Every structure is written in C-alpha cells, then in structure tokens.
Amino acid sequence: MDVASIVAALRAAVPGADYQPGTATDRPTVIVPREHLVDTAKVLRDDPSFRFDVLVEVTAVDYWPDEPRFEVVYHLLATTIPSQIRLKVRLAGEEAHVLSLRTVWPSADWLEREVWDLFGIVFEQHGDLRRLLMPEDWEGHPLRKDYPVQIKMKAKVHQPLQLTEQEFQANIVADREVRGDRTRPGGDLT
Amino acid sequence: MPMTDLRTETMTVNMGPQHPSTHGVLRLVLRLDGENVVGAEPTVGYLHTGIEKTIEQKKYQQVIPLVERMDYLSAQSNSFSFALSVERLLRIDVPDRVKWIRVLLAELQRLNSHLVWLATHGMEVGAVTLMLYCFRERELFLNINELVAGFRMFPSYIRVGGLREDLPAGFHAAVTEVLDRMPAKLAEYEDLLTHNPIYIKRARGVGVVSKADALGLGLIGPIARAAGIPYDVRKAFPYSGYETFDFDVPIGATGDVYDRYLVRIEEMYQSLRICRQALDRISPAGAWAVDDPRIVAPPKDKVYTEMEALIQHFLIHSQGFTVPAGEAYVPVEGPRGEHGCYVVSDGTNRPWRVKMRSPSLMSCQALPTMIHGGMIADVIAVIGSIDVVMGDVDR
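The listed protein sequences correspond, in order, to chains A and B.
For the first sequence, the numbering used here gives the first residue as 1, with consecutive numbering after it.
For the second sequence, the numbering used here gives the first residue as 191, with consecutive numbering after it.
Extracted from the complex, chain B is given alone in its bound form (with noise of 0.2 Å):
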C-alpha cells in the first residue's frame, strides 16, 4: 500500500498538570504528529492564591513575607525588588552596608537557585548523580539563611528601610567557608555535563530562541542573554550599588538548551565573584537599617528605657508607616530574570496596588515557540533549561 493511502491524524497528548517534569502544576497540551510536536498550549493558573490581591490588605512590612512565597526559589529577588521599589517612594536612601549585605544575599540566592535548576534539569535528561550533588551544596546556601534570618526558604530578611536586624556571629566565617567550597563542585558539575556527548546530544541546537523572538517574546534575563542579547538589569540600571562591582555578563550564541546551560554555569562563577567582594566590604558590626524613626523600629533596650522609643515601637508594631502616594517600578536581576515590583500608593499605610513582573511567566509563555517542531522528548529538556518557577506564575 502506498504511503500516501495511510491514514495519519495527529494525536493530542496532555502533559501534567502532574509531571514530574513541569516543575510543579504545568499542564501543556501538546498535539503530536508521530513523535514531533506541532502544537503546544500551556495552561497555567493551578497555584494562583491571589497574592497581588491579599497584599492591598496588608501593611507595608507585611508584605514582605508575602511576595517572598512568590518564587519560591529566589524568595529574596521578590522581597529586594518590593523593598527597593517602596524605598525609591519613600525617597530614603539605605546605608553602604546595607546594600552590600542584600547584594551578597541577592547573589548567594542565584548560586541556590541555580543549583536546583541544574539538579533537576540534569535529572531530567539523565544526569540523575548531578541532582544529588547539587542539592547536596544547596544545603549550604539554605544554612546561610537560616543563619542570618532563622527560615531557610522564605528568610524575610529584607525589609522595607533595609534589614531585619544585624548579621549574626560567624557570618563571615560561614559564608567564606561556602564560598570556598563551591569552585571546585561547580568544576565537578561541569565535568560531568559540558562535554558529556550524551549530553551535548540531549541539548544542542534544542528549544532556539532567537533574538527578535526572546526580545519580542519579553524574555530578558538568562534566555535572552543565551540568545546573545547582552542586556542586564544589574549593567543596565544598577541597583544597590552593583555599578561597584566588578562582573562579567555571560552572553550565548545559538539561544539553545545547550548555550542556557552554559550561561547559567558561567553565572554562577560571576556571582561568587560579586559574592567575595561583597562579603570584604561588609564590616562585623554596623548600620543595618535607615536610621529613621519613622520606618525602622528603636532597639530594644531604648523600648524599655524611654517611653518615646516605647511609643514608636508601638505605632510602628500597629500602624506601620505611611507611603507618599506615588508609584514605583525598580526592577532587580532575579535568577530566572527581571524581577520588578510595581508599587502604587495612595498616600496611606497600605498599597494601593502592587504588581509583580514575573519572569517565569514570560518564560511559559514562550514555551510554544521553543517546542514547536522538535521531539516529544526534548519538551522535558526545554522546559528544564528555561527554569520556570510556577508559584511565580500564577502568583
């Protein structure tokens, strides 16, 4: 019988929204022809919790803890960018120390993230020892934070006027130690993946995004700069003082799974970098907060001692404090992208409105064009290369 006599049709498969691969409650529905995909629709909104609209009722400070259940991987990129973003409406200015201390987080919480994303992308292509290994380091990172702020995921010590209270003993010490630690397992991780054929295989010339599409596609951050955009928020419009920093921005060629994979390596080196600098400038003892009565609270010993300080640690506690009415949009440089927080206030102790910019959800939504065309078997590893976090889509 001649082939043309067959008769073909394509086949719609559902992909999740429980897999183990779509990093939480992905569903994509994916219309196949044989084993290649010619349709993909993602389906997104299982996690939604309605944050944005709990935070209309919530006090200033409050809020932190919120937007850190966000993205749950990078919890301190919501919290920096909502922190910054209330504080460029209060027009304060944090100290030196301050922003050293939450640019040293800020990268420390890239180097986690990143470890789960390697870990579970390598998993999913085979490389099941690479995910032990990492979330084996990863458990130093979480250690720091339960160090400093006593929560390892969701530390909340970021807040709006700078931090939640002073670094406790042995900072440097525990941090130093990690930081020591991680070149050599980053070259560990390396040996068994950059220049594994299998690998290589799994992941050159998949999922390309090229740079008209990342841009029009609104993916900056890691994927558009695998596609050879060289755009950083951190380059770009530093803030918290990055512009004294001294960093490379790892930029891509093809924009495949393979070239997302080393960009995101060659990021983690760079942050150790940003890491070591930071925690040199970073003194033992000093300034942890704006000094400003009206937002931070009086140290404990003045609570009890003067009946001024009792009064402010008390209408703070209660009140919290108000925003000029204004709006704000300072973005940061997340792990998975830009992080921004949209802020709206109408001049009272709680938002008007806040918005937060999800790069994950760019990401999803370019998950279309990423896969069309390809295998069935390389939607798993695209969707392991691009990251996405899904409390961070549906919000």
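Okay, chain A solo, but in the shape it has when bound (with noise of 0.2 Å):
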C-alpha cells in the first residue's frame, strides 16, 4: 500500500482525524494527531488489511528550537504480510505528552520509558514511567538539543561526615550521658 491509499483508508476508519502523509521515501509514513493516535494503533493492529502485529521501534527526534519540538516516531511492523509503516505525532515543547500505546502493544513499555528519560516526553496512561537507561536521581534529560555537552562540570561526590576531635569527644561523652553507660567492658574512652 502506497501513503495515499494508507490515509484514505484511516481517515474511513478513524472520523475526524486529520492525517497528514510523510515525506520520507523509504516507507510510508504517516503523520497522526495525537488525540487520535491510540484508536489509529488499535485500527492499524487489527484491521485485515493492515495487521501490524509488532511495534518495532519507538523513538523520539528533537527540533529545537524550532515548532513543533518534538516528533514521537513509531516503526511499525505486519509480520504475515510484511509491510512497514511509520507514525509520526508531532508535540509542541510546552506540552510534550501523548498516550501510552503499552495497551496496544506490549513492547512499548521500555520502549516509552527510554524516550521518557532521554527526551522528557511524558507517555500518559503508561503506569510505570520510570527512567530506564540513566540513573534514578539524574537530572534532565540528554537527548534534548538544549541539553548542556560540551561543558565541564565538576563531578558530584558524595561527601563523607567531617567531625573534629573535639566532636567525637563531645558526641562520645553526651551519649553515655543520655544512656548511663559508665562502665562497659574494654575501659573508660575518655
């Protein structure tokens, strides 16, 4: 199927949707609204003529800093026919979230969680959106244009208790105090 009967054949069966044909010539590409991506999926995964059992690839491009921002690509796949496809949903960087599609295809889960973390694009719906790749604690998100690389920055170490003599002293005699602990085995300390 070519990208214009792909479209007119979703526009029948998702109403109100307006889809735009892709540009790329290596497979039909579709460019699909966001509030109608999930029904687009489910229509694209079960309907006869089309049959696209696995979700291949989910990745996201970064156009900062132009408009639209972001670009949420999607590789289709239908293994019986074969065919490829590819969706598009185009998000504004103020408002980089679109539906999860885990509902639709399983694989998506680690998919949407890697381009959460390394776009920032929140997958609503999804129910475990965690970062996947960097650590748990890390900050931004570094597959951003704006994100800093070229940049030294110090390293950050976790700094380990500094206490002077006179502390540890201090800390050793208010806690026997507290405990009236005079006379333990091995001797007074102080």
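So these bits of chain A aren't anywhere near chain B, every CB distance computed over 10 Å:
{"no.": "1", "residue": "A8"}
{"no.": "2", "residue": "A9"}
{"no.": "3", "residue": "Y19"}
{"no.": "4", "residue": "V38"}
{"no.": "5", "residue": "D47"}
{"no.": "6", "residue": "P48"}
{"no.": "7", "residue": "E94"}
{"no.": "8", "residue": "V122"}
{"no.": "9", "residue": "D146"}
{"no.": "10", "residue": "F168"}
{"no.": "11", "residue": "D175"}
No more than 25 Å apart at the CA atoms, straight line, and that leaves these computed lysine to any residue pairs for SDA-like:
{"no.": "12", "chain 1": "B", "residue 1": "K249", "chain 2": "A", "residue 2": "W64"}
{"no.": "13", "chain 1": "B", "residue 1": "K289", "chain 2": "B", "residue 2": "L369"}
{"no.": "14", "chain 1": "A", "residue 1": "K145", "chain 2": "B", "residue 2": "D536"}
{"no.": "15", "chain 1": "B", "residue 1": "K243", "chain 2": "A", "residue 2": "E94"}
I should point out that these hints are in silico values taken from the structure, not numbers from a laboratory.
Note that the coordinates shown come from a computational prediction; the quantities given were computed from them, not determined experimentally.
No residue lacks a Cβ here, since even glycine has one placed at the ideal position from N, Cα and C.
Mind docking these for me? Both chains are given alone in their own frames, and the hints should help you get the complex.
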C-alpha cells in the first residue's frame, strides 16, 4: 500500500482524524494527530488489511529550537504480509505528552520509558514511567538538543562525614550521659 | 503442625549486576517462593555510554566505529544497518561486489556471534567442553576480521558508500579454509548437546514464549522464529542482494530454550551456505566502493599526482560529506534479531539524530514473561538462550 491509500483507509476507519502523509521515501509515513494515536494504533493492529502486529521501535527526534519541537516516531511491522509503516506524532515543546501505546503493543513499555528518560516526553497512562537507562536521580533529559554537552561540570561526590576531635569526644560524652553507660567492658575511652 | 499454619513469605534476591551468567551487567530482582520465581524485574542501564548523543557531534564516517561498539559481538550488524540507512538517504547503490562482500562478512559475523552464544549458553548449563570448543573456532573468524581490517572485534570495514579498502591477498583461501572446517565442528557441537539427555532436561519446556507474546513483545529474530513465526528480514525485506541467495529460515514449534538452540544451530548451517555462494561471486579484485568522489576519497597514487584528487582527499577527511535532509530506517537481520538504524539528516555533514534499534533490549524486556513461574535454576538457562549483549541494551 502506498501512503495515499493508507491515509484514505485510516480516514475512513477513524472519523474526524486529520492524517498527513509524510515525505519519507523508505517506507510509508503517516503523521497522526496526538488525540487519535491510540485509535489509529488499534485500527492498524486489528484491521485485516493492515495487521501490524509488531511495534518495532519507538523513538523521538528533537527539532529544538523549531516548533513543534518533538516528533515521536513509531515503526510498525506486519510480519504476515509483510509490510512496514512509520507513524509520527508532532508535539509542541510546551506540551510534550502523548498517550501510551502499552495497551496496544506490550513492547511499548520499555521503549516509551527510554523516550521519557532521554527526551522527557510524558507517556500518559503508561503506569510505570520510570527512567530506564540513566540513573534514577539524574537531572534533565540528555538527548534533548538544549542539553549541555560541551561544558565541564564538577563531578558530584558524596562528602564523608567530617568531625573534629573535639566534636567526636563531645559526642561520646553526650551519648553516655543519655544512656548512663559508664562501666562498659574495655575501659573508659575518655 | 498443619502446613497451613506455617509462616511463608516470598524472598527477594538480587541476581547481578555482577553475575557470571548475566553476560555483562544485567541486574535481575527476583521474587522467590521457595525455588519458584514469582516475579522478576530486570534493571538495565549500567553500560549506558550515551553513544546516540555522541553520534550527533560526529561526521557520518566517524559514526561507524561508534555504532560498532554497541553490540560488540556482532559489530558489523550495527555498521551495516547504519551504512544502508545513510546510503538510502544519499540515494546511492553500491556495486554488486560490495554487496556480496558485505553479505559474506555479515554471515561470518553471525557464525562468530552464534559461537559465543553457544559457548556461554553451553557453559551455563554445565557443558564446559563446549565453551572451549566454540572459543577455539571463534578464533578463526576473528582471524578473518584481522586479515580483512586489522581489527578483530570492531573491524569498521563496512563504510558508507562501500568498504574501507579492497580485500587483502589471500582472503579467498582463508575463508575457504574456515568454511571447510566448520561443518565437522558444528556436528561435533551437536554431538555434545542436541541429543544429550541432561541438556534436553534443562531446556525442554523452559522459558516458553508463545507466538502472541513474541509478537507483542517485539521479539522479531531467532526467538520469534523458535516460537514459530517465519519472519526473517533477509526474506521479507531483502537488502544488499539477499534475494539472490539460496537459503532456508529455520522455524521452531514451541518457543522454549531447546527450540531456540535448534534454530540457532540450523542458522549456522544456513550461514555457511550463504557464505559459500557469496564467496563464489566475489572476484579477487574489483570495485570496493561506490564510484562517487563526493563520498569516497580518491586513491592514494592520484592524491600524490593530481591537484583535484588532493583537494578531494582533504575535503573528505576534514569536512566529510553532506547528506540530503530526510529520514531512513533500514533494518538488517543481525544474530540477535532485527538491527535497525533510524537516521535523521538535516542536510549537513553530521546526523541530526541516530537511533539504533536494539534486539537485546526487547529480549531483556521479555525476560519476566519467560522466567515467571519457573525455577530459579532455569533463569540461567533462559538468559543464556536469549543471547543478550548488554552493550546493545544500554548503548
């Protein structure tokens, strides 16, 4: 199927959705409105003329500083026909969120977590949207184009607890006053 | 005391990140009820090196060595898919001889990678002999890499627009020697495992993935074929002239560890078939890159004698080449499944965005499905059978 017939079939199956054909030449590309993504995905999976049973890849592209800033890209595969298609959802930088496809294809789970981790795009109703590759306490989303790369940052290290000798002794004394333990085996430390 | 009064609780056990059978640094948080696994949570990311971010600052040819370091056991699957995607954007078609050489290298790579899988999987289920045998034969494939490119693990020999240079003298003889030697060796491995009752007990009915699960979890590759899904990128969407080769795609029935073993062993025989056909087609000398001075540097003798060639040489090695704006995703069938490379170009000499599709990431995601309800000892067998490379998962 070429792009025009896919777009026509989708418009018939999902009323009210404004699909745009993409310009890519390697495979049919359809730009899907954000609010119709899940409906479109279900049609593509269940319709006997499509049968896209595998979600191969979810990724995103950041076009900062242009708007709409993000493109979330889905690569689908129909193993039986076989055929391939690419879906795109365009998102403004201010409202980078889209509904999760985890209920349609379970493989979206980690793929969407990776996109959230590296781009900061929120997948609503995902249910388990945590960082996948970066550490849990990481700040920022590294694959964004406005994420700093060529600057030197001081490494954050955990500072060990530093006590002076006087503070150390005072702590022991205070501890014994609280516990009343003056006759411990091993002798008096002070 | 009646059994119902016994206090029972599940136990949480950390397997990894440092565990010999996790093939890198995969951490599995297992919830155990006695010896039964009732929950599993894989944690990945320990090897994340931000390669995709680094790529955005590199020129196109400089990306090749970087992507090869993702899936370090099948380095040339990564560079192959990257080169194909960029060539699609450049709208160039490489000469037939380059296609055959790439196919030959890709199939040698598959044999190489499957040997490491067989070695580690065999060792983990108790067949240590197999580990020594397979690493012995893997050396032959690394020697071919060394002969061709000077590198054993990361040849960087497949380039955008063709190959790095022509094949060295003695290439045909070296490959023929390895291809002649392999069938007997594969039979030797099969003698050790295929009908071994201990291995069959460890592998039959363990780590089962149904057809529906395999598709839903995106496990296209040997794991899905073992579950009975006859999908192979080389047959469905042929690239680099695979449609002209004669080979079969082995299919399993049940999707358990044993079927995955059988599928991969048969894939090695089929790879040998493809290698022989490709080797027969490769002439000892001929074109090794596309004839396009914008992309391929001129030969050295011209650089020393012609002004235009010197300028071209300087331009290609300092600025690289520009790629028309657009996007392309060309998948290849790697040893672990579909490797793909999504390249977005903005028309400059550096990629705007490169995303590598990682088959190991999908296998890792499917691990809980495979090991849920099984025994803890089976976890080792299952991890070995899905053949994850953590460098590919974390990138």
